[in-house]
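One line per chain: the protein sequences are A and B, in this order.
Taking the UniProt record's numbering, the leading residue of the first sequence gets 1, the next gets one more, and so forth.
Taking the UniProt record's numbering, the leading residue of the second sequence gets 1, the next gets one more, and so forth.
Among the hints, erroneous ones may be present.
Since the list can't tell identical chains apart, any single copy or any two copies may satisfy a pair.
Stated by the list, open to error - Below, computed lysine to aspartate or glutamate pairings styled on EDC-like, alpha-carbon distance capped at 20 Å: (1) Lys-173 - Asp-201; (2) Lys-84 - Glu-561; (3) Lys-173 - Asp-199; (4) Lys-617 - Glu-16; (5) Lys-84 - Asp-40; (6) Lys-617 - Glu-19; (7) Lys-84 - Asp-548; (8) Lys-617 - Asp-45; (9) Lys-252 - Glu-19.
For the record, the hints were derived by calculation from the structure and aren't laboratory data.
One letter stands for each residue in the lines below.
Number of protein chains: 2
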Amino acid sequence: MKTSIATVTISGELPEKLEAIARAGFEGVEIFENDFLAFDGSPADVGKMARDLGLTITLFQPFRDFEGMPEALRGRTFDRAERKFDVMQELGTDMVLVCSNVSQAALGGIDRAAADFRELGERAAKRGLKVGYEALAWGRYVNDHRDAWEIVRRADHANVGLILDSFHSLSRKIDINSIRSIPKEKIFIVQLADAPLIDMDLLYWSRHFRNMPGEGDLPVAEFTEAVASTGYDGFFSLEIFNDQFRGGSTRKIAADGHRSLIYLADQVRRKVETPIGIEMPDRAAVTGVGFIEFATDEGGAVELVDILRALGFRKVAVHRSKKVTLYQQGDIRIVINVDPLGFANAAYAVHGTFAYAMALVVDDATQAYARALALDAEPFAEPVAEGELQLPGIREVGGGLIYLIDEKSPLGRFSEIDFEAVEQEGEDEDAGLLQVDHIAQTVAYDEMLTWLLFYTSIFETRKTPMVDIIDPSGVVRSQVIENQTGTLRITMNGAENRRTLAGHFMAEKFGAGIQHLAFSTDNIFLTAARLRAKGFKPLPISPNYYGDVEARFGLEPELTERLKAENILYDRDEQGEYFQLYSGTYGEGFFFEVVERRAYRGYGAQNAIFRIAALKKQMRPEGVPKDAV
Amino acid sequence: MKTSIATVTISGELPEKLEAIARAGFEGVEIFENDFLAFDGSPADVGKMARDLGLTITLFQPFRDFEGMPEALRGRTFDRAERKFDVMQELGTDMVLVCSNVSQAALGGIDRAAADFRELGERAAKRGLKVGYEALAWGRYVNDHRDAWEIVRRADHANVGLILDSFHSLSRKIDINSIRSIPKEKIFIVQLADAPLIDMDLLYWSRHFRNMPGEGDLPVAEFTEAVASTGYDGFFSLEIFNDQFRGGSTRKIAADGHRSLIYLADQVRRKVETPIGIEMPDRAAVTGVGFIEFATDEGGAVELVDILRALGFRKVAVHRSKKVTLYQQGDIRIVINVDPLGFANAAYAVHGTFAYAMALVVDDATQAYARALALDAEPFAEPVAEGELQLPGIREVGGGLIYLIDEKSPLGRFSEIDFEAVEQEGEDEDAGLLQVDHIAQTVAYDEMLTWLLFYTSIFETRKTPMVDIIDPSGVVRSQVIENQTGTLRITMNGAENRRTLAGHFMAEKFGAGIQHLAFSTDNIFLTAARLRAKGFKPLPISPNYYGDVEARFGLEPELTERLKAENILYDRDEQGEYFQLYSGTYGEGFFFEVVERRAYRGYGAQNAIFRIAALKKQMRPEGVPKDAV
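All chains should be built: construct the whole structure from the sequences, respecting the hints.
Right under this line is the structure:
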C-alpha cells in the first residue's frame, strides 16, 4: 500500500509534521493549505523540505466552493484556482482536492458542475496538473460519491478524477459496492478515516471524532476492499480531524497512522487479490498469560511477597544468574525482579515497584514477533547469560514489555535452563486462584486509541464499546480488549485528570501501566475463606451497596449476607453471574482482584464506582493505604 | 425560587458534595442513588448530614424500569420499590423519582402503567411517601411528558405526580405550552438542565453535554415560564450530567448552579406573575470600558510604558496617594499600578505583570453592583485614602477585578479627587487609537461556562457560538460575549493543554487572565504608519497568508501589497471588512491588537491560526519573544 497522510491529521508546525510523517514511514503527504499558509517559508521551501525527507506531496487541499457558481462569481472562482495552481507548481505537487461546494451561492446541476470541471481540467492540463473531486457528506448539492463520480464522468477529462473518502461515504451509509464499477484510473486518490459510531450531526462528527482506520467502528476495511477490487494501486491517505490528535504527540499520532494503514492493508490483502498489502503472519492468537513480572528492589520485594503469600502464592523457582524469583499459584506466574542490572531496574528507578512486563502465550512466538515488527512495534532484547533463553520481546505503548512465548518454549523463561526449582515450604493450601482473568492497564485518555490499535492489530482480539466509569473526581473511560476464548482480557482505563484514582496512579508512576491484576477462581466463597485464613484483608465495601444489590437482582437474603460478609461484589447479566473481591491498594494505587465467572463475559462495570469509592477512601488522607494486606 | 440540585451534578464524595451544595446557597438536594450507595454511612447518617447543613432532601433518584413489567417480573419490581421506600424513610425524604421504563421486558400500555402507579401510590401512601414519574427522552414507550402526564392522570392517586425535566422535554422539541394545563399540585418537582445545540443521539447528548440553565442553547427560560404559569411554587432542581462538571471543582460548579437558578428566576419573573424570582435590577448595560489596570513593579512598568508609548499612549495623570499612573489615548485608559500595598501588588506577586482589573462603564453602578451581588458575585473593596473615591468592585471568575463606574462618577477613579493631571511632554501625535475594541480573556476550558454565566447574567450581553481555533499544539475553544452596541466585547479562549499559546500563557500566569487587548482605529493604514514612526514592531505575518487572502477575497493586488507591507490581517463577511494588526508578545504571551471595523461584527476567527503561528514562532525557542517592541 502506498501510504500518505494529510498534515492536518497531526499536531505541530509544518516542519515538525513533515519530519514525523517521514519518520513514521509514510511515502506521501497531503499538504493541508492552512499548514502551509501559517508557515513562513515559500511553497518551494516546503516542497524541498518534503522531498529531502523522501516524501511525495500527494495532494494540495482543500479547494472549496468551486463548482456550480453563478456567472457573477464564476470568474473569480477560476482566478482563485489559478492562484492555487501557481502554489502547487511551486510546491511540486500535481494534484488538488476540490471538495463539493457548500456555498449558499452555488446553483447545483450535474451538467453545470461537469462543465466547470471540464474547464478546470483544461486549465490544469496546461500546467500538467490534475484535479480530484470529492463529495463532502454535507455538500450543498453533492454529498454522495456516486454523484461526484457522475460529474467526473460527464466532465470527461483526463485531468479530472474522483477522490474517495471513507468517512464521507461510510458516515452516510452509502453502498460501498457502488465503488467497484468505477474505472481505477478515474480514482485519483483515496482518503481514509474511521470514527466511533455515535449518531450526531455529520459535520460535528467529522470535525471532532474521526480517527485512524481500525480505531473506530466504521467498515473501513470493507470500503478499502471495494476500492482495491477496482485495481486501484495509488496512495491511501489518512485525513483525520480529531481534537485529541491535534493536542497529542506529533510523532506518536503519525506512528499510529502508519500502523493503521499497514494493518488495514493486511486485512484487505486477505480478502481480495491485491498488491496493496505486504505478506505477514496472521494476528497472533493468545492462549494465556505466561507470567507477569514486577520490577522492584529488595525492600519492595518483601512487601510484594507478603501480599502474594496472603493471596496464596508460593515461591517455586529462582533464576540461576539474576536476582529474579518466580511465584506461582494455579496457572498464574508472578515474577519478582530485583536484579540491579538491566531494564527492570531502570524501570523501577523511574516508576517504583511496577508490573512492567508480561508474557503472552501464543501459538508461534516467532510468527507473532514477525507480525509485531511488521506493524512497527519496537523490538526489545536484553543480554542474557550464555546458554540462557532469549525470549522475543516488544515494547508496548507505555514503554513496558510484552514477551512472546509459545509451546516451543513451554515454560518460557522458567525453563530449567534459566531457573532452578526451590523446595516447597510446608503444605499450605493455596487459595484456589487459577488463572489471570484480566489485566487492567491505566493509560492516558489521549493514548487509549494508540493502545487499542497496538493490541488489536498484533493480536487476535476485539475491542468492546467504551464505557464511562464515574470516579468521584471525574470520568474515566474504560474499554476492553479481549479475545473470543477469554484467554486474553485487557481492560484499559483512560484517565483525563490526576484527581481520579486512575489519574493519580498514572501521575505517581510517571506513566501508563498495569494498575491491577484480576485472578480467577471457580469458587469465590472458598477462595475468600482461604484468603481470610491467610490474613488477606479485602477492600471493605459500603453496606449500602448490598441493600441495593439484593433489591436490584432479587437475591436471597442469605446470599446477600455472604457477599457482604466477604466484601464480594456481584453482577449479573443475560449470560450469567460475576463475583468480585478486591484487595486494598498497594503503593500508589496498585491492587489485586479475584473473580469468579459463571458464564458471565463482562467486567462488572456497574460495580466500578463502588470499588473506586472504597479504594479512594482507603488511600485518604495521605494517598497511602491504611490497610494494605 | 426554591432551589435544589442533584448530587450527580457535581464531583466529589457525598459529604463534600453536600457541603458545597449548602455553601452555594441551595435549599434542597436530590440524592442520586449511586452517591449514597458508594458512601459508607447509613441512610440516616446521610439524612442527618443534609439536615445539619440546612438542606432538605427533595428527592431520592432514580428508580428505574418500574412501570409496565410483565407479571413474572412485576412482583420483584414492587419488592424493589419497597426496599427503596425503606431507604427513603431512613434518609428522611418523601419523594422518589421513577423514570420511564427502558427495559426490553417492559410491555407498554398507558392503562397498565397507570395501574402500576396507582398500586405504587397506595404503597407509598401507607408510609407517607410520594412517587414522581418522569418521561425520559429515550424511554422505551414513554418519552414525552404529555404521555407521562396521562399516566399520572389515570393513576389518579394523591401520592402519584409528574416530574418535569427541561432536558427531556426540550431535547425532543415537545410543545412547552402543553405544560400550562397541568394542575400545579400534580407537578411534584421540576428538574432543570440546559445543553448546547448539537444534533446527536439523545442519550449521548444527555449523558455528556448537559449544562446549567443559561449555559446552553435550549429555551429553558420559556420552559420554566410555562411551569411557573401553572402556579407551581415547588423546588426547581438541577440535574446535570456533564463530563467537565464531573472533573471540575465541586464548589465552583455548585456555585454556578445556584447562580444559574437565580438568573433563570429573574428572567421568568419579568415575564409572568410569579413569586419564584427575587427583585433585582436589570442586567447592566455596558456603554464602554472605563480603564484597564495593570499590576506590575517598577521594572515591569518601564517595559510596559515603552510599549504603550510605541502604541501612541501618553501619561496623563498620576494618583495623589498611590504609585498609580494613568496613560491615555482616545477613549482608552490604561492604568499602571506599582503601588507596593494592596491587591494589585498581591496579584503581581502571584501572576507577574498582569492586566488584573478593568472598569466597565454602566448606566448606574450602584444598580449593577446590587445585581452582581444578588447573583452571588463576590464584592471587592480596598481601603482608600480619606476623601478618595471608593468604586464598587466585584471579583471575576479568575480572581481579577471588575470595577463598575457610571456617569455619576464620570472619570471613575481618575477624578480630580484621586488624580492629578501631568504636563504633556511635547506634541507627539497619537496613533489614532480610539477605544477598547475587545478584551481577550484566556481561561481554562473547563471554566468557560462559568465565565460565560458570570458575564451574561450580570451584564446585558449575549454569547456567540463556540468556534474552534486550531493552535499547532491543540484545539482552543473560542467564544465571544458581547453586547448589541459593541461597547463590550470579550473574547474567551479556553485552553485544554499548556502547549497551546493560550495554555502556555495560563500556565505561566498561574491562572486565567486577559491575554490581549484590541484597540480600535478608524484608519488602520494611518495608524500603522504612525506606529511605525514610533518604533512599534508589528507581528510579522507569513507572506503565504497574503497570496491566499488575495485569491480568496479577490483583492486588488495593490491592497494586498499594503496589507503585507504593514503585516495587517484581513477578513470580510456579508456585513463588512475587518483589519487586524498585532504587536509581538510581551512577557509570557501578552500582546496588543489594533483593529479597524468597516461594518464588520466578527473577530477574524479565520485569521487566528496565522496570528498564533506567528506568535509561537516569535516565542520560540526559549518561550521569550525575540522582538518585543
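Note to self: Regarding Lys-173 and Asp-201, is the shortest C-alpha distance of 20 Å or less found within a copy, between copies, in both, or in neither?
What the structure shows: both (14 Å within a copy, 17 Å between copies)
Next item on the list: State whether the alpha carbon distance between Lys-84 and Asp-40 is at most 20 Å within one copy, between copies, both, or neither.
Entry: Cα proximity of Lys-84 and Asp-40: one copy only (17 Å, versus 67 Å across).
Checklist line | 20 Å Cα threshold - placement of Glu-16 relative to Lys-617 | finding: Cα proximity of Lys-617 and Glu-16: across copies only (13 Å, versus 45 Å in one copy).
Note to self: At most 20 Å between CA atoms: does that hold for Lys-173 and Asp-199 within a copy, between copies, both, or neither?
What the structure shows: Both, since 12 Å and 18 Å are each at most 20 Å.
Next item on the list: State whether the alpha carbon distance between Lys-252 and Glu-19 is at most 20 Å within one copy, between copies, both, or neither.
Entry: Cα proximity of Lys-252 and Glu-19: one copy only (12 Å, versus 43 Å across).
Next item on the list: Can you give me the call for Lys-617 and Asp-45, within, between, both or neither, at a CA distance of at most 20 Å?
Entry: between (58 Å within a copy, 17 Å between copies)
Checklist line | Up to 20 Å CA-CA - Glu-561 versus Lys-84, copy category | finding: Between copies only: 18 Å across chains, 75 Å inside a chain, cut-off 20 Å.
Item checked: Status of Glu-19 relative to Lys-617 across identical chains (alpha carbons, at most 20 Å) -> between (47 Å within a copy, 18 Å between copies)
Margin query: As a check of your reading, is Lys-84 near Asp-548 (CA-CA no more than 20 Å) within one copy, between copies, both or neither?
Written below: between (66 Å within a copy, 8 Å between copies)
Violated hints: none; the structure is consistent with every hint.
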